Amino acid sequence: MASKKILVADDESHILNVVSLKLRNAGFEVITASDGQEALELAQSERPDLLITDYHMPQLSGLELCQRLKQDPATAKIPTIMLTARGYQLDTQDTEQNGILRMLSKPFSPRHLLSTVNEVLAAAAAAA
Amino acid sequence: MALQINHHIAGSGGVRGTVPKAVLDNLATRFRPAGLFLALLRADGTILFHDDSAGLFFQRYVLPLLQYEDTSDSGIKQQLRTLSATSPVTVWNHLPGVILAAFPHVDRRQMAGILILAAKSASFKLSEEVVRVCSRLGLDGIWLNQQAEETPTFTEEAIQRQARMLLAMMRDQVRLSSLEGELDSLSGQLANTYEELSLIYQLSGGMLINRGANDFFKTACLDVLETMGVQGMGVALSGDAAHRQEPVLYGPLSLPPGTVHRLSGELMPVLFHRKSPLLINDLAKDKTFHWLGEHARHLLAVPLQRQDRVLGCLFALEKKAGDFDSQDSKLLNSIANESAIYLENVMLFDDVHGLMMGLLHSLTSAVDAKDAYTCGHSERVAAISRQLTIEAGLPDALAERIYMAGLLHDVGKIGVPESVLQKTGRLTPEEFEQMKRHPQIGAKILQDVKQISDIIPGVLHHHERYDGQGYPGRLTGENIPLMGRIICLADCFDAMTSNRTYRKALPLEVALTEIRRCSGTQFDPILTEAFLKISVEKFRQYMSMRQEQAKDMIELQRNLQPAPAA
Chain A
2 MASKKILVAD
12 DESHILNVVS
22 LKLRNAGFEV
32 ITASDGQEAL
42 ELAQSERPDL
52 LITDYHMPQL
62 SGLELCQRLK
72 QDPATAKIPT
82 IMLTARGYQL
92 DTQDTEQNGI
102 LRMLSKPFSP
112 RHLLSTVNEV
122 LAAAAAAA
Chain B
607 MALQINHHIA
617 GSGGVRGTVP
627 KAVLDNLATR
637 FRPAGLFLAL
647 LRADGTILFH
657 DDSAGLFFQR
667 YVLPLLQYED
677 TSDSGIKQQL
687 RTLSATSPVT
697 VWNHLPGVIL
707 AAFPHVDRRQ
717 MAGILILAAK
727 SASFKLSEEV
737 VRVCSRLGLD
747 GIWLNQQAEE
757 TPTFTEEAIQ
767 RQARMLLAMM
777 RDQVRLSSLE
787 GELDSLSGQL
797 ANTYEELSLI
807 YQLSGGMLIN
817 RGANDFFKTA
827 CLDVLETMGV
837 QGMGVALSGD
847 AAHRQEPVLY
857 GPLSLPPGTV
867 HRLSGELMPV
877 LFHRKSPLLI
887 NDLAKDKTFH
897 WLGEHARHLL
907 AVPLQRQDRV
917 LGCLFALEKK
927 AGDFDSQDSK
937 LLNSIANESA
947 IYLENVMLFD
957 DVHGLMMGLL
967 HSLTSAVDAK
977 DAYTCGHSER
987 VAAISRQLTI
997 EAGLPDALAE
1007 RIYMAGLLHD
1017 VGKIGVPESV
1027 LQKTGRLTPE
1037 EFEQMKRHPQ
1047 IGAKILQDVK
1057 QISDIIPGVL
1067 HHHERYDGQG
1077 YPGRLTGENI
1087 PLMGRIICLA
1097 DCFDAMTSNR
1107 TYRKALPLEV
1117 ALTEIRRCSG
1127 TQFDPILTEA
1137 FLKISVEKFR
1147 QYMSMRQEQA
1157 KDMIELQRNL
1167 QPAPAA
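Protein chains in written order, with this note's numbering: chain A, 2 to 129; chain B, 607 to 1172.
Since the hints were made in silico from the structure, they are not lab data. Here the structure is a predicted model, which means the values were calculated and not measured. Treat the hints with care, as some may be off.
[To be verified] Below, simulated BS3-like cross-link-like pairs (lysine-lysine); rule was C-alpha separation at most 30 Å, straight line:
| id | chain 1 | residue 1 | chain 2 | residue 2 |
| --- | --- | --- | --- | --- |
| 1 | B | K1110 | B | K1029 |
| 2 | B | K824 | A | K23 |
| 3 | B | K627 | A | K23 |
| 4 | A | K107 | B | K925 |
Bound-form chain A, shown alone (with noise of 0.2 Å):
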């Protein structure tokens, strides 16, 4: 099976440099935005398996990402891990109409992370 494809998307180019790391180690291919336009423009070239996203970033945030793949049925179906600051929350209604699977608060455990990854496609795989 090819491995599966994650778009990372964070203005913070640490971040990005992190969350890539673990994820190639853990044999993911892994595509990278630092905003959310370029982060769109990816999702619809690259179509990747799994979209994790900052909520805050320039040009477009990360929830208005969501809304603008929903609204594509070539990307409506990627599901979304979404990185916050800590202590923000987003309204269930916008995460449960925009695909956001789960919410990690930063700074948030690379571990962590990765496990939540795997749950959240072999949870897209079963429901596939």
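Got chain A sorted already, so can you dock chain B onto it with the hints?
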């Protein structure tokens, strides 16, 4: 042929000086279309890398020539010997029909290898010499000539230019690749820092003062176990904190009984003196802890200390991968620092809480002491109310508040004259009115203590009746605050089972029957059900509590009587 493949990750101990294979592959691909062949040789002539996708002219003719043992002065090995770390790009054309550009690959001012760029020389023809080489290599000269015709030709100047370009590109690429390695290594370190940070956040979130210290340490140990990748993670407390928690070890590592106690007993004095982490990576050879060697290899222990006071220690046993290092010790130390602050706070909280409860008990004893017949009454009502709350399936936290309300329910009797409280006969209607004011007086006494404002309804309404015939509010049913309904039951039960000036104490069975009879009129029927489920043993305990308290009181009163004149 030995090909050295080196991923060249900074700090991972890769072989020094070798060029990453990915870099060489990349460069070879760039020079191949022009008709150039890339190889990396060791100074002794061993080929470390060569372009394995090059054309047949290179694969079958040039590469074997480079490997060919030739002891004459024009052999490749002799040529290689003329190079040093400072040599510029040098062009050699001693191999028949082939032109080579060579330059040293320098790492930390040492020559770590020789880069060779090879091409077909302008002078290539099927000469006698080429034919001789062909027969030595088992090649057909005509076939080689055909291959050579498809291979571009290079002059000395042209290949030198290309080699200089290769040199510049290679320096860039090596640098780039080492930076990438460094970035990965930094990202790896950063990932560790994230793990630690998120662990510390998680721990701080669990530092609830009213949560038991052992519950906190259990979660902390399990979290550290995972983050640090160890087989066993334990905690031991000492001194003032020792009674809160037996030494304990969590995780898959199982030790024989008594080992954890022995370990914590021996660790404590060591850490008490060190006041810094203790890191042992070969327990079997350790002077003090060698006895632990048969169960684990590694031990990392850090003191739980506040200022100079050591409250205990955290210890990790048996790291899964590798040895403990300074990073582990830093992590465990910061967790110990956080935990020590928490532990100290819990101890301070308990001190203050203990002081408050002590004062409350003194206050209620003072009230009860006004009347020898009611001695210990408040304590018992408090204990029975708490038991009833638990029996009714209500939260433990509420049970503790109700205990406090039970203690204070009669505090208003301070404001009732002793002549009324201690009167042996029946009360006159005026006296009874005075007596009936004690719930309101109690509520008033407590009203300014905002920390216990939640228990005032229990004090104010413990004489209400379910049917509305009680006082002071004549409230009915569920309108009576829950605390009032609970304390009412406990209060009446204790009154019935105590001696009074006008009657003897009722036996337990009679009292319980009476309680049942009054369910729905005096008492909340649901709470009555719960009350009657309290076990007989529990009731007997409360009654024996009374005998102890009464004995103490008689003793006290006897001691206070003036000694008979001699």
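To see whether the hints hold, each was checked on the structure:
no. : hint                 : in the structure
1   : K1110/B with K1029/B : holds (16 Å)
2   : K824/B with K23/A    : holds (28 Å)
3   : K627/B with K23/A    : holds (23 Å)
4   : K107/A with K925/B   : holds (27 Å)
The structure shown violates none of the earlier numbered hints.
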